[in-house]
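**Student:** Chain residues, written in single-letter form:
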Amino acid sequence: MNNRLKVLRAERNWSQADLADALGVSRQTVNALETGRYDPSLPLAFKIARVFEQPIESIFSE
Amino acid sequence: MTGLFPTSTPEWARQLSKAVLAGAVFGAVGYGVGKLAADLFPGFSPDLSGLRWADIVAGGVAALLLVACLGTAITSFDRRALGRVLRLEGPAGDDEVLNVRLQSLILGLSGITMVLPMILAGIGLPVTASLAAVGLLLAVHTALNLRLYRSVDELFRRVVIEAGALTFWCGQGLLFLWAAAERLGAAPSLTAWDIYVVLISVYLLVSMVVTVRRGLA
Chain R
1 MNNRLKVLRA ERNWSQADLA DALGVSRQTV NALETGRYDP SLPLAFKIAR
51 VFEQPIESIF SE
Chain G
1 MTGLFPTSTP EWARQLSKAV LAGAVFGAVG YGVGKLAADL FPGFSPDLSG
51 LRWADIVAGG VAALLLVACL GTAITSFDRR ALGRVLRLEG PAGDDEVLNV
101 RLQSLILGLS GITMVLPMIL AGIGLPVTAS LAAVGLLLAV HTALNLRLYR
151 SVDELFRRVV IEAGALTFWC GQGLLFLWAA AERLGAAPSL TAWDIYVVLI
201 SVYLLVSMVV TVRRGLA
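Residue numbers (my numbering), protein chains in the order written: chain R, 1 to 62; chain G, 1 to 217.
Next up, chain G with everything else stripped away, as it sits in the complex (with noise of 0.2 Å):
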């Protein structure tokens, strides 16, 4: 037995165990945070009241992506972390950091993209300059997007392509299940919001797998 795991453990196996450990932690951590910040400041309290699941769902993801976000970004300041981290020989070069500080911003703007809406909303910001705070964003997130498509090889391009894929196939199957439920009246009404929230969640969780399996991380 090396490490935490024997020898024998499937890849998959310890990269689940290490997410599962590691959202212990940053739960653990979140939890203390928010209680010395409820201590620190008892009268402030947000009215909760209005948000639905979905707010709630859109919430967890974007956490998650901007852990992702600061994690890849302190990463990119040790090469020879990073080398390991993308299974190098030897440490990461300047290309290779460069690349992953531009996948961790635009981790970030995505985790500030699935939370905008609900800020903009509760600030109770004019419609119109809310509308246009979310074009700016997209617009930006969009042409990074772009950039790093272009920047990057075929294996990243195929990465890309596969979790878009798998992503279609399980939300029309997802959607296609509930849109039936609901025309028989078995199921609530979706709104926009709610489809969009879980088609980036099927997303989040898929490009992972594909991102795991194709040797990328």
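Here chain R stands alone, though its shape is the one from the complex (with noise of 0.2 Å):
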């Protein structure tokens, strides 16, 4: 699956450390949804989409 969570991430100028702060994540994870190394949970998905107020459609792709 791939994400567009680094674009989305440079766009607001924010860090991968406000990134992790604002899912209750750790870096680690924000690094690994980024590289697609790993997809997240469904309550993560949900709780991405909200803190880039985006569906979550538009975040994630086959």
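If you are wondering where the hints come from, they were derived from the structure by calculation, not from laboratory data. Each residue gets a CB set at the ideal place from its N, CA and C atoms; glycine is no exception. Warning: the hint list may mix true and false statements.
Taking beta-carbon pairs under 10 Å as the criterion, some of the chain R residues facing chain G (in silico) [claimed, not checked]:
#1 L8
#2 N13
#3 S15
#4 G24
#5 V25
#6 S41
#7 P43
#8 S58
Each of the two chains sits in its own frame; use the hints to bring them together as a complex.
**Tutor:** And the structure:
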């Protein structure tokens, strides 16, 4: 699964730590998500969508 | 080409090459230290004739775990280096350092767990005292593992679950093959210690693969 996390984070000028704090996960998890090594659980995907104020399907794609 | 490897080298190949290289270096150092100790203390020659293959494998796995414990602990004192190892932007923070030190402690205790029964059997401690020591170590190890599991997020938990599931899948396959061969009279019987050592060895290997694959190392 692909995602636009890194782009969205860069657009907001957020650090990995900022996003990790907002999501309640570690910076390692943010890195694993951004590099596509890990697909988030559904609750975390919803949280990501809320943080970026975008629908899930505009952040994640197959 | 940058550093040791061409840029096209897959991550798993880099990690494997580094592990083999580190193994060769540590092996050579270990041989040198052992040779020096044998020269310095010629009268000290422990009786290793009672060792079985599972004891040797357990010793090897314990050595790996203790080296990993030491390496992790040392790295945790350099926040920038730890940040690079954990693939973070910038140096590691307090929580990350604490978490890595807890993992280091668990790795060390895992190593001790692998050799403690052999050591206790070797020094001839009463069975009750030996079992109490093993039980205490297991209790501390389990408590630390639970504390770590509760303090981490879903990625780390996923890694633990995937490693456990893969180990079960590989372990049950190996155990079935051996059990079938044993039932057919084609293989010798295994002891609980043999099975435990194989299980932990498989778990260690699988954990490393899953950890690298998920980007945690």
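**Student:** Evaluate each hint against the coordinates.
**Tutor:** Hints versus structure:
1. L8: Violated: closest Cβ of chain G sits about 16 Å from L8(R), beyond 10 Å.
2. N13: violated (13 Å)
3. S15: holds (6 Å)
4. G24: Because about 7 Å separates G24(R) from the closest Cβ in chain G, which is inside the 10 Å limit, the hint holds.
5. V25: Status holds, d = 4 Å.
6. S41: Given a least distance of 6 Å, the restraint on S41(R) holds.
7. P43: holds (8 Å)
8. S58: The hint is violated - S58(R) has no Cβ within 10 Å of chain G, the shortest such distance being about 22 Å.
Against the hints set out earlier in the document, violations occur for numbers 1, 2 and 8.
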